[in-house]
Amino acid sequence: MNEHLLEVNGLHVSFDTYAGEVKAVRGVDFYLDGGETLAIVGESGCGKSVTVQTIMRLNPEPPAAIRGGSILYKGEDLTKKTDKEMRAYRGKEFSMIFQDAMTSLNPVSRIGRQMSEAIRIHEKDVTREEAKARAIEMLGKVGLSNPETVYRRYPHTLSGGQRQRVMIAMALCCHPSILLADEPTTALDVTTQAQILKLMKDIQKDTGCGIILITHNLGVVARMAERVAVMYAGQIVEKGALSDIFYHPKHPYTWGLLGSMPDMQESRSTRLTAIPGSPPDLFAPPKGCGFAPRCPYCMEVCLSHAPGETPVAPGHTSRCWLLDERAGNHVKPPVGRDAELVTEEMKAYRESIAEGGKENV
65 MNEHLLEVNG LHVSFDTYAG EVKAVRGVDF YLDGGETLAI VGESGCGKSV
115 TVQTIMRLNP EPPAAIRGGS ILYKGEDLTK KTDKEMRAYR GKEFSMIFQD
165 AMTSLNPVSR IGRQMSEAIR IHEKDVTREE AKARAIEMLG KVGLSNPETV
215 YRRYPHTLSG GQRQRVMIAM ALCCHPSILL ADEPTTALDV TTQAQILKLM
265 KDIQKDTGCG IILITHNLGV VARMAERVAV MYAGQIVEKG ALSDIFYHPK
315 HPYTWGLLGS MPDMQESRST RLTAIPGSPP DLFAPPKGCG FAPRCPYCME
365 VCLSHAPGET PVAPGHTSRC WLLDERAGNH VKPPVGRDAE LVTEEMKAYR
415 ESIAEGGKEN V
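The sequence shown begins at 65 in our numbering and counts up by one.
Check each hint, because a few of them may be wrong.
What follows is a set of in silico ranges between Cβ atoms, one per label pair, in the way DEER data are often shown [to be verified]:
#1 D388 - D270: 25 to 35 Å
#2 M325 - G379: 18 to 28 Å
#3 D253 - G139: 38 to 48 Å
#4 R192 - E85: 40 to 50 Å
#5 P360 - R174: 31 to 41 Å
#6 H239 - E67: 28 to 38 Å
#7 D147 - D189: 35 to 45 Å
#8 G224 - A377: 32 to 42 Å
Hint data in this document are derived by calculation from the structure and do not stem from the laboratory.
For glycine and all other residues, C-beta sits at the position ideal for the given N, C-alpha and C.
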């Protein structure tokens, strides 16, 4: 069996605060191969960003602490690396596109200086002129007109879409193997969103890099990902191929996410299905299933024992007691939104954009 490019096994991450220990990530497992896109989806606060920032060791330690598990990159366990050793990986092997480009770029430094500095830090033999030429070339590759002009400008003089393209150009300057994108299209208009997503896919085809995409937008997932991990309360509750998650979901939380998607074909008076309740307090995670208090199918065992990872199909697993043979055959999607209808809608949507016929996401 070939070794995965990146493999995360049993990752636990906590934050020590004055109020106590926040168990932000609780036993996360996934892998990434070169040239593929893995989407991590879930509501705010479920641990998506903490997970990918831990891969690059960007969470300040302390208060953050890796309590267990491993992060294997080409066989090397990154959890054992010192901060000094990790500097050789950040930017060179891993690059990250943050949610808000304006707060990620230095506001008092020109774009060109920031890009050239990143290149020369990781490649000591590159001259200033060579770094400048590569930066301008990369700015042109991400679709910015007049890259020489952009090279000399400050971040505040660019639009949101232009700044995000600059972030992508900076992330790709040193030809990383893995690109981590933390909601890269948030706060952008739909046209710019579509352009950024197309740009990322084109770059992936050219470079063969793997992409981990964090998002709550299932339309973006449908367009970008080959595999999906659904995250809730610091755990991955379901993961599998895109078709498995969208067409054959097995976890009630996944049903809820799909059911909450607006349908343009329905009447304006039709109400969306909302997931009741709130996520659990990760200061004191629940003893059983984290989704149990909000689940319409909650059983007594769900409150007292955490479900294990159950194989559903090759590469498709789910953490839910409903998959246990003792649960019976009463499992069905929540009332109000038929899961088969939802997945057919997603299938039609994906087909409509597959050939570039629909650019807005």
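Next item on the list: Could you check the structure against the hints above and give me the numbers of any it violates, in ascending order?
Entry: Failing hints, ascending: 1, 5, 6, 7.
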